[in-house]
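For reference, the chains in residue letters:
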Amino acid sequence: MTLGTTSLRRGLPRVPGGEPWPPAGLAPAVAAAPAAQADSGHVAQAPAPAPAARVVEAVAEAEPSATASAPAATTPPEAAARPVVAPAAQPVVAAEKPVRPKPEARLYGSRTRGQWIKLVVLLAVGAVAAAGILVLAARGVTTLPGVPEFLKRYPGAYLLPDTVEPGFPWWAQWAHFLNIFLMVLIIRSGYQVRTQQKPPAFWTPKRGGKKISINLWLHQSLDILWLANGLIFVVLLFASGRWMRIVPTSWEAVPNALSALLQYMTLDWPVESGWVNYNSLQQIMYFIVVFIAAPLAAITGVRMSEFWPKDAKRLNKIYPVEVARAIHFPTMLFFVLFILIHVFLVFATGALRNLNHMFGGTDVVNWVGFWLFAAAIAITAAGWYAARPLIIAPIARLFGQVSSR
Amino acid sequence: MKIVVLVKEVPDTYGDRKLNLETGLADREASEAVIDEIGERALELALTYADAHEGTEVAVLSLAPEGATATIRKGLAMGAGSAIHVSDEALRGADLGLTAETLAAAIRRAGFDLVITGNVSTDGSGGMIPAMLAELLDVPHATGLSSVEISDGAVSGTRPVESGVQKVSADLPAVISITEALPGARFPNFKGIMAAKKKPLEVLTLADLGITADNPEAARSIMLTIAEKPPHAAGVKIIDEGDAGEKLADFLVENRLA
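Chains as they are written, first to last, in this note's numbering: chain A, 969 to 1373; chain B, 11 to 268.
FYI, nobody ran anything at the bench for these hints, they're computed from the structure.
Values in this document were obtained by computation on a predicted structure and should not be read as measured data.
We put the beta carbon where it would ideally sit given N, CA and C, even for glycine.
Treat the hints with caution; some may be incorrect.
Listed next, with one range per pair, are the computed distances between beta-carbon atoms [stated by the list, open to error]:
no. : chain 1 : residue 1 : chain 2 : residue 2 : range
1   : A       : R1162     : B       : G194      : 21 to 29 Å
2   : B       : A62       : A       : Q1369     : 13 to 21 Å
3   : A       : P1277     : B       : K257      : 39 to 47 Å
4   : B       : A254      : A       : G1094     : 55 to 63 Å
5   : A       : G1077     : B       : P241      : 20 to 28 Å
6   : A       : P1277     : B       : V213      : 50 to 58 Å
7   : B       : P193      : A       : V1270     : 29 to 37 Å
8   : B       : K257      : A       : N1284     : 52 to 60 Å
9   : B       : G25       : A       : V1289     : 23 to 31 Å
10  : A       : V1270     : B       : G25       : 51 to 59 Å
11  : B       : Y24       : A       : G1351     : 23 to 31 Å
12  : A       : G1077     : B       : G194      : 30 to 38 Å
One side only, chain A facing chain B, incomplete, derived with CB under 8 Å [to be verified]:
no. : residue
13  : R977
14  : P981
15  : V983
16  : W989
17  : G993
18  : Q1165
19  : R1282
20  : L1283
21  : A1354
22  : G1368
23  : V1370
24  : S1371
25  : S1372
Can you make the complete structure from the sequences, with help from the hints?
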């Protein structure tokens, strides 16, 4: 191979900050001439743009071939002129772009790390200050005229009829554990359904139907188990007569709940006797969770799911899917808030005894309930870990088809 | 029968894809890397045939940067028997010609009865590789098949064209390219993923294939400029004041759309 006199045409570098590609050199003697002529349209446009440094360099290398082939460009001037102008506009924009090596701080979400730390510290300080003000204000309220009498009259709880047995039966303990396990995974999978733009896999029902993401399949499957668990719990709750523990049966529940709230806020907490009777605030909260929030989550969830009759026009006009969508997520937030407060109070008001109530089924203070609780958390964590496509997909495949798209 | 399936690691179309504004090459850091969907479909076709025909060997072949091993392993997890990964620094920014030469050399080295490729990748959108391969391998080529039938010594399929559907067939060995009309990929199961770790994955360089990337005698494409796509400009709104028809017509004439 003999090299000619024409230098190689060079373009953009192959690595950032590198030399133009290919390296400077001469084109082979035979290939150069016809290539230049055949390419005359392209070459003609080369000298036209006069943008930033890098492009100019590439152009400069090409110039000799442009002059060499100049006579070849015998096309009508109008036609030749157009391609020169049109592409010339673009490189100017392009060349200016990379000349901006501004080292920007790395963003986590919408803020830099420093901004996040500042925000968290500020929020924490604010929360502590607000809590302090709240406690002082509550203590102030208890000194107001009439308030001590109110607290005496409504100590925070009203007495249950003697027919209600104390303690927590085995089925309540099991329902509670299953509820922890399912709720954690339901909230997680629900959040994934909400945020994930690209699900790792999809599931299609066996008898055909709409393809849904594997996370939605998991969410809905867990929902069904959760509803079954809840249904069994409620049936046993009423059958055993224990429903009176978490369903207010007297209007006294309201002033007692206010009293209990005030006592919580003063940090001088009402006496715990959860083994026998909840205070009215607990009672109302448990009632809301079991009989309002849970059904609300279920009915809004069903509305958004494939189980809902899509063609029922009247029904769908009365209960539009947008309403369900607007309620479902805040309901989850309510559950999360409830769980946080619930767990905090369980641990702050005699952890070992409380854990024995719900996990051990006894009213004594020892570590049995705690270890059973720890086991429940470990199983839930294992469920969290296992809730990944690799493990879910084979299970989902038993009920339908799993595909990656 | 030995089937070689071409798969390509591409930036996921789910996210924003970027080109490096200095080199004009795909910015692989900017988005998640996945097997191109059309390659998965090609592999699914091969695996479906292999499931039904004992003694079929399916190999995936990919020309990709060093870091693409995980993506290629996914092909093994789906069920391919072996994988060939051609990776060489000199292939950075390779044009279609060099890519096809390299792939053809790797295919010839592995041996083949049938090569299955996607019709076009989502990142380069070239769609030229299958035809180039057939030319370099000197075998028949059936392009853009929307259904495929593989028999012992031949491959046939349908090919949608403007006026209808063509039925084409070729004797093996052959190269075929498929369209998105073919079934989507299976989801790798646990067994497949575990098995994939033990399957052979051969990594080849250009030297192994006897290809020189910078042979000055061979004409290669280079990129001269690169520019970011300008943001979408707002469209023109025509409000009907009784003369919307005229305005529409004027608009079409003005923009040479009529």
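Here is what the structure says about each hint:
1. A/R1162 with B/G194: 21 to 29 Å: Since the Cβ atoms of A/R1162 and B/G194 sit about 25 Å apart, the hinted range of 21 to 29 Å holds.
2. B/A62 with A/Q1369: 13 to 21 Å: 19 Å, holds
3. A/P1277 with B/K257: 39 to 47 Å: 46 Å Cβ-Cβ, so the 39 to 47 Å window holds.
4. B/A254 with A/G1094: 55 to 63 Å: The hint (55 to 63 Å, Cβ to Cβ) holds, given that B/A254 and A/G1094 are roughly 57 Å apart.
5. A/G1077 with B/P241: 20 to 28 Å: The hint (20 to 28 Å, Cβ to Cβ) holds, given that A/G1077 and B/P241 are roughly 24 Å apart.
6. A/P1277 with B/V213: 50 to 58 Å: 56 Å, holds
7. B/P193 with A/V1270: 29 to 37 Å: 32 Å, holds
8. B/K257 with A/N1284: 52 to 60 Å: 40 Å, violated
9. B/G25 with A/V1289: 23 to 31 Å: 28 Å, holds
10. A/V1270 with B/G25: 51 to 59 Å: At roughly 33 Å between Cβ atoms, B/G25 and A/V1270 fall outside 51 to 59 Å, so the hint is violated.
11. B/Y24 with A/G1351: 23 to 31 Å: Given about 28 Å between the Cβ atoms, the range holds.
12. A/G1077 with B/G194: 30 to 38 Å: 34 Å, holds
13. R977: This interface hint holds because 7 Å falls under the 8 Å limit.
14. P981: It holds, given that the least Cβ distance between A/P981 and chain B is near 6 Å, below 8 Å.
15. V983: This interface hint holds because 6 Å falls under the 8 Å limit.
16. W989: 6 Å, holds
17. G993: 7 Å, holds
18. Q1165: 6 Å, holds
19. R1282: A/R1282 check fails; min Cβ-Cβ to chain B is 35 Å, beyond 8 Å.
20. L1283: It is violated, given that the least Cβ distance between A/L1283 and chain B is near 35 Å, above 8 Å.
21. A1354: 12 Å, violated
22. G1368: 12 Å, violated
23. V1370: 5 Å, holds
24. S1371: Holds, about 5 Å.
25. S1372: Holds. Min distance 5 Å.
Of the numbered hints given earlier, the model fails hints 8, 10, 19, 20, 21 and 22; all others are met.
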